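Participant: The primary structure of each chain is shown beneath.
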Amino acid sequence: MNSQNIYLPYKMRIEKITEEAPMVKTFKLAFVNPEDESNFEFKTGQFGEYSVFGAGESTFCIASSPTHKGYIECTFRKAGKVTTALYNCEEGDIIGFRGPYGNNFPLEDWEGKSVLFIAGGIGLPPVRSVIWNCLDLRDKFKDITILYGAKTVQDLVYKNELEEWAKRPDVKLITTVDPGGETPDWKGEVGFVPSILKKASPKGENAVAIVCGPPIMIKLTLPILLEIGFTEESIFTTLENRMKCGIGQCGHCAVGPYYVCKDGPVINYADLQLLPVEY
Amino acid sequence: MSEFEPKIVAFVCNWCTYAGADLAGTSRIKYAQNVRIVRFPCTGRIDFMLLLKAFEEGADGIIVSGCHPADCHYTSGNYHARRRWMVFKDLLDFIGIDSRRIVFSWVSAAEGAKWAHLVNDTVSEIRNLGPMKEYKNLENVSSNKIGELIND
Amino acid sequence: MTELQNIAKKLFDDGSINLLIGYSNNENGGTSAIFIDNSADIDKLIYNENCHQNLMVYFQKPEVKKFGKLAFVVSLPGLKSVLEIASENQIKDGDAYFIAIDKDGNPSLLQDFHQIEDFITNNQTKPPMGLLKLMEKINNMTREERWQYWTDEFSKCIKCYACRSVCPLCYCTQCITDINIPQWISTESSPIGNLDWHIARAMHLAGRCIGCGECMKACPVDIPLALLTANLNKSIAIHFGDEPGMKADYKYPLSHYKLEDKENFIR
Amino acid sequence: MARIGVFICHCGENIASTVDCGKVAEISSKIPGVVFSTDYKYMCSDPGQTLIKDAIKKYKLTGVVVGACSPRMHEPTFRKVVASEGINPFFCEMANIREHCSWVHPKGEETTQKAADTIRILVEKVRNNEPLYPIKVPVTKRALVIGGGIAGIQASLDIANAGNEVILIEKEPSIGGHMAQLSETFPTLDCSQCILTPRMVEVAQHPNITLMSYSEVESLEGFIGNFKATIRKKARFINEELCNGCGDCTLKCPIKKIPDEFNAEMGKRPAIYVPFPQAVPNKPVIDKDNCTHFKNGKCQFCKTNCSAGAIDFDQQDQLITVDVGAIVVATGFTIKGTDFFPEYGYGKYKDVVTGLQFERLLSSSGPTLGEVRRPSDGKVPKKVVFIACAGSRDPAKGIEYCSKICCMYTAKHAMLYKHKVPDGEADIFYMDIRAGGKNYEEFVRRAVEEDDVNYIRGRVSKVYEKNGKLIVRGVDTLLNSTPVEIEADMVVLATASVAHSDAESLAQKLHISYDSYNFFSEAHPKLRPVETNTAGITLAGACQAPKDIPESVAQASAAASKTIALFSQDLLTREPIIAVSNKSTCVGCFLCQSVCPYLAIEREEIKDRNGNIIKTVASINSGLCQGCGTCVAFCRSKSIDLQGYTNNQVFSEVSALFERSEEYV
Amino acid sequence: MNNYKLITKQNLHSFFDALQPKNTIIAPKEINKKYYFKPVDKFEDIALDYIQTVLSAKSVLFPRSDTLFNYHRADGDYNIDEPSPIEKNTIVFGMKPCDASSFVYLSNFFLKDYQDKNIKERLEKLYIISLSCKEADNACFCTSVGSNPASTKGSDLNLTLIENDTYYVEVVTEKGQELINYSADLFQDTKEIDKSKYIANVPQKFDVEQAKQNIDSIFESPLWVKDSLACLGCGICAYACPTCTCFDIQDIGSQFNGSRVRNWDSCAFDLFTKHASGHNPRPVQSQRWRNRIKHKFEYSVENLGLISCVGCGRCIRSCPTSMNIVKTVQIFQGV
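Protein sequences, first through last, are from chains Z, R, L, A and V.
Counting from 1, one number per residue, gives the positions in the first sequence under the numbering used here.
Counting from 280, one number per residue, gives the positions in the second sequence under the numbering used here.
Counting from 432, one number per residue, gives the positions in the third sequence under the numbering used here.
Counting from 699, one number per residue, gives the positions in the fourth sequence under the numbering used here.
Counting from 1364, one number per residue, gives the positions in the fifth sequence under the numbering used here.
Keep in mind that the hints are not guaranteed to be accurate.
Said to hold, decoys possible - Quick partial rundown of chain R residues pointing at chain A, CB under 7 Å, derived from the structure:
(1) R307
(2) V317
(3) I325
(4) D326
Stated by the list, open to error - Which chain L residues stay away from chain V? Per the calculated CB distances, all over 12 Å, these:
(5) S455
(6) G461
(7) N479
(8) G525
(9) D533
(10) P558
(11) T573
(12) A593
(13) A649
(14) S666
(15) A668
(16) F671
(17) Y681
(18) K693
Please keep in mind that the hints were generated in silico from the structure rather than gathered at the bench.
Predicted model only: the values in this text are computed from it and were never measured.
Idealized CB from N, CA, C, for every residue including glycine.
I would like the entire structure built from these sequences, with the hints used as guidance.
Facilitator: Below is the structure:
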């Protein structure tokens, strides 16, 4: 009779809040109970259920890298009831977290290859976890290229880290904003992600691509990736269906027989095409 | 055992009854402490769901008060409210919720004394009716008792 | 071919409609809605006293709307719902054809709201006796008995929302029960959550409900839901003298007022 | 969780004497999200405001709840304080723990708990507040002044002289009001008409003023800066363009014995008449009810005798709609007639008159050309008894207030009587003499000392006729309540000043509030004595409460200055408490449209990329919406919300009503 | 284990009386000519000759609203407590074999990857006494989904009325034996009996294997739309279904005190899949109906090796628009 209640969250204290963009915040969370922290492990690409007591749970990825110990980070946009409650939290407040759930990016398979990250808007947080993971193991990979676009300069998240990556000689960072979204002192590209990708055309051989962003961006980016030499198996994305339980039971995230929370959220393009289009 | 002290909430409009209650204050007219006031721009703004919510939160009685007919700051909010309350009251009666627990009134900005009387009268009437036990009984049903798992 | 089928066939033959929604016999010895998109299926179209579903509920269904021009087989309650949704700006004159079934079971084709109004006036029926009796019985109970009666009934509710789904007037794209900022109605099927839902539903239909009784028939646990709205409509008729579903330009009693409205309950 | 600061004001002893403010602050500090909580003697004072500002900086507050007086008093004050620290002012809410708590409850635990509950309810509201930004609307720089008495005249001239257009409407055929009826004015005894008529002429000739006499407000729509007033211009059956004001018609009219309103029915007038010689406009009007032509169609005397051809029996009432940005209400007052007083003969004794009637007897333009002659037989009365407070300050008569002007005009009447009838005797029954005002007390003293007016402190219980004399029976309370009986030739009642009989219906048309005596209510008795609760509508003169001339004029100028200040802006800043619709969830049933009193709900078509209409939804015109929120409560799918009182805010307030967290028990 | 016994109706009554004091007993009860599972304390209250209850008995395991934990705010932190999901041992008495077999699916589903605490604890204290069907109606189709009116699958004890007042009892599990032991002398040993002549005849309505193949292979088809036009997207089918397991997790209460609760949900609701952004992976009803059918016959087989339909027919009986899962499967069988 000592089965554990899988719905009990870890209690997390909000250590730091960063306002990334309008309506977008990043929380740095630390475990309230040290034992929880020592038992906790996750891999890049996994997600969790974040909760405000009285408001409920909401799902998003762990945006920090597993190589950064002692805390986790998440980035979210204020949209529904829970994210509004989270958005209104202050540093020092206690929230709930359960996880990690889902599969992860197969980093070990990528060793010796070039890695191309493509993200749009609020799609950067899941990718950011992988980016840092790769950067922390920098010598295991060849070229690392990051292509990140947002509607406007204001909407770019992780502005400090973008600067940091831009300065690194071992990373090629391309940032872009949609036409009309630039400011007078904007030094990056102006244009939609797919066309900027086409312009940059990084090599697809012996490389993997991680694509995350709004559905329309992904839809238009995939053909270009194939065109520049990526294989269907080497293109990864994460699915973002509505989730409630995180453990393949509640049924919300099911895409056919596939549970995004359990079998995903990371999926390569070849597998994605086998699924019914219910994501 | 001390005497039952009813919890009363008053939903009032800003222009008449809230001001009337202000006047009761400036005139130092004493009345019962049981009332908690929630301010609305107009009685027309008061959603019937809020009355249900107040009962749910433990109110034993509710006062809904605004401007007299023809005095509405917004011309007609109180007329619409009047119809809505009439229908709502009938529904509560039909369902068996004691509609005497909701007291509707018009209190103008000049009627500080009327406000005080209204509160006092409501408190003593609700005290006679006793606690709103119907709702409290509903609340006591917790969902994990096996007997109740089968929706009975 | 029956007269009903003839009318339907003619509508298809002259290209007036793309989809006809009517009744047919089903596998379980009952009747259910049939969606006929070409005249070949017309022989399945029937009408008898078992055909109760208010088919106007399908008028708002996106997959039905896609078909284009529609025709509905409707009896009195269905036609009343046409006028009611017309008064609520949801259907315009000429948006659909209506094969109206009169009290003797004879079909006739109605096209505009005037015809429907006349039809309704000429085909008035009394509300079912059972419902009236139950309503009277409840009204004669003491308040405590009424409360007991309804809490017992509501406690059965599992919040499947069939009452909402089958109602042609519950066409909101966002129902109050689906809103969580604020959480107007508790999501759990608890006594309070159930009570809130049924009160909200009744209030939202007060003076709008045309009394088809589908909510009650759909309820898997047999809550006599139609009583709530019927009783409200009765009080609205007494207080304000209005009845929904009679005119396409019906003035909804809760969004209008008269200076001389009763206020004997207000202090 | 938000970072909310709670500030409890003692208001000196006003709150602190019954509410334990320190305890309220302590209880409040335990509410989740409240990061700072304190109490202070005077939160609205400079140091109090500084306290709030410092706390906002120090604790990085995101919201503020001030527990103090009514928000109707100090909400703007504290919102300004919060705004000065860079927080959106709508994140400041006031919890009313004075008017609604400390002043109405005894000292004790319960009262403190009520204060704490009130704070908690508002904390929950603030937690769910959203930043709001003021709305700008254009201002129509034209004022409507209702009432052409001295207050309306003064307001019109002030506003017009500042370069703004004014429409002055007067329900009588001429402007002038009560002041035109007066003989001389206290305390200077200068001639009323002499000082008034030049102002009347100035109004008539002012290029910025449009005068509409014999006109009344029919209805009013709109809001500050953007009112739409419909005015009923009553048919006077005279073409004003053609009429040259010669007055021939009034002389030819065969009907001559209609009681003359201007003379307080002490004189007679014809059916076609000019109210008084100096009337502005100086154009006659036909009294339809008394005109033979309108009775049986037979008489045409005036028409046949009008050389200008200005008589027009077919004239109809006209409804004229005007756009105005502000309104000054200066509709004045009326007085009770003698028929109001059973104890003084119900008006059946001809020689019992009202103050206003006596005023006409004193006036050189009056029916007796200024000679004091009593109505019954035209004799000069040798003994006149004046009764002050006739009706006023009398709860039994339903008039509990002081009519304010009677003490002074009664002294004036007695004095003028004595000047005109030096051998006459003037007795005044009074309750108290209220002569607060510049040179007022001196004036009363002059009446006593120089003009031998006899003041008797006491009330008159009865006036009756005996042997052709009026017997005034009263008591002298200064002489141990000795009964007094005086035989008088004439009795003058200083009857109560009251609101016009149509004041209530006018207030309803204008959407302004009024008190239980039907006097119009000011927004604040001390700090906003000129404005009404309806923005853009100000009050001038005795429509608000009884006033004398200097006060009426002063208030008129104040109302004018408020109006001019409003007109000095091109765009008006409005509170953003308005409804907004959610176009994605609205299903367009438009049942909300008919509940909106401002016609602010409009239909908007939502189109797809190809321009096809997908649906029609409700959209709120933010210029017209006044924020009553009736549509919000009405919307089934909650697709309309009211900024400042959103569903989420009020729901949170209600949720917090009785919540007692275990933490703070 | 399988051993066979007989018990008279009268002794069954005594058996009930022996069980009743120490257990919570849930059994079908008649209310207004319909049958519902209710807690009963008198044998007479139990309806023994019913065809089907309106709602399944799954809520003894997976209630309509299930508290996962309660929270209380204290000093800026939260205390959490877990209410016990079940107090006494619970016996469902007189459940139909189709329902009993649903518990096989439910226990597989909820305990497969993650052991759900509430479900596990309830399951441990749950005893199922099933009652073979004497009668069936048009909606019944257990024989089409690999079961039959006297199946013992999922039961601890199975009763079949063989002669007028005697029940044939199959002791299916240890738990069943445990129940017998309350009053073993009421039972009489016997040999295995062929039950088929004592039970209802439920004609097979489709070949599940063939239908399954077709359903598996057809995702895009106008048939899905045509077949589901009548569906209005209420939740009855899922809520009445003994194997539908979808749920939602919500907090009930305030920021101070409250509970996190698991409520039933239905894939028929349009909000089921809708994102906060407004994007909906299954925007129209036909896709939701397709998901339901495919889940029952394809997805659950892929994930658990079990069809998640037991043929109880509740969805068919309750549907206000006469949607019929059998008809749909037949359509696809015939493709």
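Participant: Decide, hint by hint, whether the structure agrees.
Facilitator: Evaluation of the provided hints:
Interface hint at R307 of chain R: satisfied, since its Cβ lies 5 Å from the closest Cβ of chain A, which is below the 7 Å cut-off. This hint holds: V317 of chain R has a C-beta 5 Å from the nearest C-beta of chain A, less than the 7 Å allowed. At its closest, the beta carbon of I325 of chain R sits 6 Å from a beta carbon of chain A; the interface hint therefore holds under the 7 Å criterion. Because the smallest distance between the Cβ of D326 of chain R and any Cβ of chain A comes to about 4 Å, under 7 Å, the interface hint for this residue holds.
The Cβ of S455 of chain L sits about 10 Å from the closest Cβ of chain V, inside the 12 Å cut-off, so the non-interface label is violated. For G461 of chain L, the requirement that its beta carbon stay farther than 12 Å from each beta carbon of chain V is not met, with the minimum near 6 Å. In this structure N479 of chain L is separated from chain V by more than 12 Å, as the shortest Cβ-Cβ distance comes to about 15 Å. Non-interface status of G525 of chain L relative to chain V is upheld: no Cβ of that chain comes within 12 Å, the nearest being about 23 Å off.
Every Cβ of chain V is farther than 12 Å from the Cβ of D533 of chain L; the closest lies at roughly 25 Å, confirming the non-interface assignment. For P558 of chain L, the condition that its CB be more than 12 Å from all CB atoms of chain V holds, with the nearest at approximately 20 Å. For T573 of chain L, the condition that its CB be more than 12 Å from all CB atoms of chain V holds, with the nearest at approximately 22 Å. Annotated as non-interface, A593 of chain L brings its C-beta within 12 Å of a C-beta of chain V; the closest such distance is 4 Å.
Non-interface call for A649 of chain L relative to chain V: violated, since the shortest CB-CB distance, roughly 3 Å, does not exceed 12 Å. The Cβ of S666 of chain L sits about 27 Å from the closest Cβ of chain V, beyond the 12 Å cut-off, so the non-interface label holds. For A668 of chain L, the requirement that its beta carbon stay farther than 12 Å from each beta carbon of chain V is met, with the minimum near 28 Å. With 12 Å as the threshold on Cβ separation, the claim that F671 of chain L sits away from chain V holds: the shortest Cβ distance comes to roughly 31 Å.
With a closest Cβ-Cβ approach of about 25 Å to chain V, Y681 of chain L is found to remain outside the 12 Å limit, as its non-interface label requires. At the 12 Å boundary, the C-beta of K693 of chain L stays outside the reach of chain V, the nearest C-beta of that chain being 38 Å off.
Checked against the numbered hints above, the structure breaks hints 5, 6, 12 and 13 and satisfies the rest.
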